[in-house]
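Asks: Sequence:
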Amino acid sequence: DSGSLRTPRRGTNVLIFRAVVGAAGGMYLFRRYYGLGVEPETLGALIYGFSPTRLAQAQEHFGSLDDFWFVLECFILMRLLRHRQSGPAIALGACIALTELDNPYLGYFAGLLAAAVLALMMATNLVRRDLLSLRLTVLRGGLAIVLAVTIVAPTQYQLFRHVQASGHTAFT
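Counted the way our numbering counts, the sequence shown spans residues 945 to 1116.
Honestly, the hints are just simulated from the structure, not real lab data. From the three backbone atoms N, C-alpha and C, an ideal C-beta is built for every residue, glycine too. Among the hints, a few may not be true.
Quick list of the computed label-pair ranges, beta carbon to beta carbon [as the list claims (entries may be wrong)]:
no., residue 1, residue 2, range
1, Glu983, Met1066, 24 to 30 Å
2, Gly1031, Val1093, 15 to 21 Å
3, Gly955, Arg1079, 17 to 23 Å
4, Thr951, Ile1095, 24 to 30 Å
5, Arg1079, Arg1105, 22 to 28 Å
6, Ala1067, Leu1103, 32 to 38 Å
Let the hints inform the model, and build the full structure from the sequences given.
Replies: If you want it as structure tokens, here you go:
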């Protein structure tokens, strides 16, 4: 079938296109959040999305193009820092889960980044003796964790069962 996306070349092109659009879109959202104006937002998105470095990565290491998840995660974390609603926590959990499903190695670091920011938020609340904000941070962090685990667990459980059945572990 000549229109199929199942060929290696077309599949690779879809991954590269997704990464470039994701990087440019994530940078646009990040810059838009700070209200820089349409021109700087668009220019920043185009520079990040279509930079020569990213295009060179696309030729040899398109797996490293998945870093657009970190731009999106930083945008979500900034919203989590500034707003008290649960929406950013839900978005954070979904972002971590999608990063994990897309690239487990980057998903691990996405979880570490979120944990570090949440720990910093909790430490700041403790120093300020703001127990209401501390509880809210713990609840929103818990919501993000529950959502991420709910999305990722089915695939990780199958992987765990397969590794367990093979008799191999990471330490043998």
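Asks: Take the hints in turn and mark each one as holding or not.
Replies: To see whether the hints hold, each was checked on the structure:
{"no.": "1", "hint": "Glu983 - Met1066: 24 to 30 Å", "verdict": "violated, 38 Å"}
{"no.": "2", "hint": "Gly1031 - Val1093: 15 to 21 Å", "verdict": "holds, 19 Å"}
{"no.": "3", "hint": "Gly955 - Arg1079: 17 to 23 Å", "verdict": "violated, 46 Å"}
{"no.": "4", "hint": "Thr951 - Ile1095: 24 to 30 Å", "verdict": "holds, 29 Å"}
{"no.": "5", "hint": "Arg1079 - Arg1105: 22 to 28 Å", "verdict": "violated, 37 Å"}
{"no.": "6", "hint": "Ala1067 - Leu1103: 32 to 38 Å", "verdict": "holds, 34 Å"}
The structure shown violates the earlier hints numbered 1, 3, 5.
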